[in-house]
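Colleague: The primary structure of each chain is shown beneath.
Protein chains: 2
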Amino acid sequence: MATDETLTDLRHPVLALETAAMHRWLSGDPDGFLELSADDVVYTDPVTEGWIVGREGLTALYRQLRGLVHAERFAFLDPRVVEGGGLAVLTFDLESWDDGSEPVRWHCTEAYRKDDGGWRIVATHWSRPQRPQQ
Amino acid sequence: MATDETLTDLRHPVLALETAAMHRWLSGDPDGFLELSADDVVYTDPVTEGWIVGREGLTALYRQLRGLVHAERFAFLDPRVVEGGGLAVLTFDLESWDDGSEPVRWHCTEAYRKDDGGWRIVATHWSRPQRPQQ
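Residue numbers (the numbering used here), protein chains in the order written: chain A, 20 to 153; chain B, 20 to 153.
You can trust all of the hints, since none of them are fake.
Reference excerpt, derived from the structure (chain A facing chain B, CB under 10 Å, subset only):
| id | residue |
| --- | --- |
| 1 | Glu68 |
| 2 | Phe111 |
| 3 | Arg132 |
| 4 | Val141 |
Some chain B residues flagged as far from chain A (calculated, every beta-carbon gap over 12 Å):
| id | residue |
| --- | --- |
| 5 | Gly47 |
| 6 | Phe93 |
| 7 | Ser115 |
| 8 | Trp116 |
| 9 | Ser120 |
Calculated from the structure, these hints are not laboratory results.
Heads up, the beta-carbon is just placed ideally off N, CA and C, and yes, glycines get one too.
This is chain A alone, in the form it adopts within the complex (with noise of 0.2 Å):
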């Protein structure tokens, strides 16, 4: 049975990968994750009318919101990644709060193919639980 190979891999590349674009997007840099995305990357999210098709135009989605976001703390929770050939698939959910304030959850699917300058996402799925948990 394939489950004790694919649950939760934590040492899996692009689990840092993630964290260290969060890192930055939560510091108001979107380039981390565009630096990561695949020219044909596909993104949404619950604003997004379908799906972004390409870095181009989700370059274009970002650069509005450059130095807008901002969190002092992040958790990645049950993050799992299910890797086959050249593709990875990282699921988890994310927390972020400010001090004080109460944490911001999502839901979140990314997947990864690993392209000659290294992994590189090619879709993205954010999306907000209805009652977000505590």
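With chain A held as given, fit chain B onto it using these hints.
Modeller: Here is chain B on its own, set in the frame of chain A:
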């Protein structure tokens, strides 16, 4: 560049599997998706706290919905499959509706893994756009 190889391969088998399971789902029958799901599947949607881990938990969730979900028609909008080795990541929007009703729209990411029995879902992520598009 990998773009041409990976964008919207409508002939990929996981898209046919997803379509067949969706036909059953929208007739109130969740077994199509359960049969497609791997033992170690993870699942999230807007009302899920975190991620459900394992087909057993998913079966419990779907049991509550048996016979309740219904639509006359549906469409996959902008479906796209990226495959590498034994994984395939399918992204799309689902639009479903009964005659005379407003369409209901979802964002979906489905990660499939090629197991001994064929392609099986290892990660499912459903979310609602904040403002459903027509």
